[in-house]
Amino acid sequence: MKEGPKQAGAAKQLFYSQRVAPYVFVLPFILSFLIFFAYPVVSTILMSFQEVLPGQTRFIGFDNYERLWNDSFFTALKNNTRYTIWTLLILIPLPLVLAVFLNSKAMRWSGFFRSALFIPTLTSVVVAGTIFRLIFGQTDLAVMNMLRHAFGFETINWLADSTTGMFVLVVLATWRYAGINLIYFLSGLQTIPQDLYESAEIDGANRWNRFWRITVPLLKPVTIYVITISIYGGYAMFTESYMLWSGNHSPNDIGLTMLGYIYRSGIEKNELGFGSSIGLTLLAIMLVINIIQLKFFGLFKKEED
Amino acid sequence: MAVKPSSPWERLLLFLLFLVLAALALFPFYCLVLGSLKPSKELLRLGLNVRLQPELLSFDNYQFLFSESARKYLLWYRNSVVVTVVYTAGCLLLSSMVGYGLAVYRFFGRNLIFVAVLFVMMVPVEIIMLPLYKLMINLRMIDTFRGIILPFIVAPLPIFFFRQYASGLPKDFLDAGRIDGCSEYGIFFRIMLPLMAPAFGAMAILQALASWNSFVWPMIVLKTNEMLTLPIGLASLLTPYGNNYDILIAGSVLAIVPILIIFVFFQRYFVSGLTVGGVKG
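If you read the sequences in order, they're chains A and B. Here my numbering is used: the first residue of the first sequence is 1, the next is one more, and so on. Here my numbering is used: the first residue of the second sequence is 1001, the next is one more, and so on.
Possibly wrong hints are sitting among the right ones.
[Claimed, not checked] In silico DSS-like pairs for lysine-lysine, Cα to Cα no more than 27 Å straight-line:
1) A:K295 / A:K220
2) A:K12 / B:K1171
3) B:K1223 / A:K269
4) B:K1072 / B:K1171
5) A:K78 / A:K295
6) B:K1134 / A:K269
7) A:K105 / A:K220
8) A:K295 / A:K12
9) B:K1072 / B:K1041
[Unchecked claim] With the Cβ distance kept under 8 Å, some of the chain B side facing chain A (calculated, not the full set):
10) A1025
11) V1050
12) V1120
13) I1127
14) V1216
15) L1234
16) T1239
17) I1259
18) V1271
These are calculated hints, taken from the structure and not from any lab test. Glycine residues also receive a C-beta, built at the ideal position from the N, C-alpha and C atoms.
Start from the sequences and build out the full structure, keeping to the hints where you can.
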C-alpha cells in the first residue's frame, strides 16, 4: 500500500492521514447510530405525543398515554410480569446449582452434559415453539396429555387456559435458557480461585458453608448480569407466545405480551403514535425494575462487607 | 467446587441426575424427528406422541420438501442462507473496524462514541421497532433483504468485543507497519485483522446464529411469500387447519441441522462468543 503523497490529491491525502483514519474506522457506527438509532428514538418519543395518520400527523398531548389505561395493556403487562417472575425463580437458582455440580472435578462426562443442556439454546423460538405446541397438544395422545393419563388425570387443552398456558411458556423458557445460563455461571465459576476453597476447608467450613460464603458471593457479578438480561428478556417476550397461539391473537388475550400489543397497535392497526407510547412505557418499566434490582444488590453488598 | 472427591454414592447420584436432565433436554428433538417421519395427517389427528409405530415411519415428508409443491420451502431456505451470509460478513467487517478504531487510536470524541455504543446495547431493539418500520417505509426498504440487514449490521456487542480484543494487541505492530510504509488501513487489513482471527470466529458464530434464528424484525419487514426467511416462512405454516404440517415438521428439522453441525465443530467459539457480556458483568 505504498503511495506517493505528492502525486495524490488533497482529499486522498487527507483520507490517508493519521488524524483522519480513526474517524474513517468509526464512521460505520456513527452513520448507523444516527440513522437507525438516534433518529428512531427521537421519532418514537415525538410520535408518542402524536396521532400519526397517513399524510398528516398532529400533536395530541398525553392522549396516547391516557389510552394505556385499558384491559389489553394490563393483560399484557400482567402476562409479561408473571412470565418474568417465573423465569427468574427457575432460571437463576437451577442453572447456578447445576453449574456448581458440573464444575466439580468428581463429575464424569461434564463436557457432554454441558453440551446436551446447551443445545436447546441453539434452536430458534420458531422451531422450539412448534415442538412444544405439539407436545402440549390437546389430543389424548399428545405427549404431555399421555403423561397426565399416566398419573390418572384426564386430557386437557393446555393452551386454552391462562394458568396452563403460562405453564407451557415457562417450561419452554426453562428448556431453552437453562443451558445458556448454565454456561454463564460456569464461566463465572472458573474465575474463583481454588485455594479459597482449600483454605476454607482447612478452617473447617463444610460444603454448604463454602457454597453460601464463597461461591454465591463471588458469582454475584455474573448473577446480576443474568438477572438483568432475564428481566429485559422476560418483558420483551413475544415470539414464544406468537408460536404457541399461532399468531398474535390468543383466546381472551391469555398469551398477549407487551411486544405483541405494540405489534397489534402499531403494525396491525397502524396506530404508530399509540404503539410508540406503549414501547416507551415498556422501556420505562424495564429500566425501573432493573434500577431497583441493581440498587437492591448494591445495598446487599454493603451489609456483607 | 468440592476439593475432596465426594463419596462414590454421591457421584453416582449426581451422574444419574444429569443423565435425566440431558435426556429431558434432548427429548423434544426426539419428538420432532420422530414426528417428521410420520404421516402429517396422523400428526394432526393424534397429536405428537412418543410411540415409535415403525410401520408408519418414512421419509415421505422430506421427499415432499424437495418436490415442486414445496418450492417455497427451498426458497425460504435460500433466503435465510443469503441473509445470514451477507449480514454476518458485513457485520464482522464493519464492527471490527469500529472496535479496532476505538481501541487503537486516541482521538477527539472517542469516549463519546464508546458511550453511545454502550447506550445502544442497553436499549432493547423492540422499543424502536415502530419508528424503524416507518423509516423502512420511507426508505422503500419494506419487503427487501436490505431492510432486514442494514439497520442492525453495525452491531454494538461485536464492536464491544472487537474493541476488547484489539486493546490486547501489541502496539509495536502499528509502528512497525508505519515504518514499513503501510497506510493506516493497510495496517488494519494486513497486520491487525489476521491477529484478530479468534475474535472473528466467536463473533461469526454468534451473529450467524442470531441472524439465522431472527424472527420479529424480518416478520415486520418481509411481506411477500417468496421473500420470507426460514423462521417467518415456517411460522406462517402454523394455521389452525394444519394443512402444512409435513413442511413444518420436516422443515423444522432441516432448519436446525446446519446449526448443530457448526456447533459440533466449533463448540469453543460458541462459548467464548456467548459469554462476552457475562464475564465482563
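Consistency of the hints with the structure:
{"no.": "1", "hint": "A:K295 / A:K220", "result": "holds (13 Å)"}
{"no.": "2", "hint": "A:K12 / B:K1171", "result": "holds (26 Å)"}
{"no.": "3", "hint": "B:K1223 / A:K269", "result": "holds (16 Å)"}
{"no.": "4", "hint": "B:K1072 / B:K1171", "result": "violated (52 Å)"}
{"no.": "5", "hint": "A:K78 / A:K295", "result": "holds (24 Å)"}
{"no.": "6", "hint": "B:K1134 / A:K269", "result": "holds (14 Å)"}
{"no.": "7", "hint": "A:K105 / A:K220", "result": "holds (22 Å)"}
{"no.": "8", "hint": "A:K295 / A:K12", "result": "violated (52 Å)"}
{"no.": "9", "hint": "B:K1072 / B:K1041", "result": "holds (21 Å)"}
{"no.": "10", "hint": "A1025", "result": "holds (5 Å)"}
{"no.": "11", "hint": "V1050", "result": "holds (6 Å)"}
{"no.": "12", "hint": "V1120", "result": "holds (5 Å)"}
{"no.": "13", "hint": "I1127", "result": "holds (5 Å)"}
{"no.": "14", "hint": "V1216", "result": "holds (6 Å)"}
{"no.": "15", "hint": "L1234", "result": "holds (5 Å)"}
{"no.": "16", "hint": "T1239", "result": "holds (7 Å)"}
{"no.": "17", "hint": "I1259", "result": "holds (5 Å)"}
{"no.": "18", "hint": "V1271", "result": "holds (6 Å)"}
Hint compliance for this structure: hints 4, 8 are broken, all remaining hints hold.
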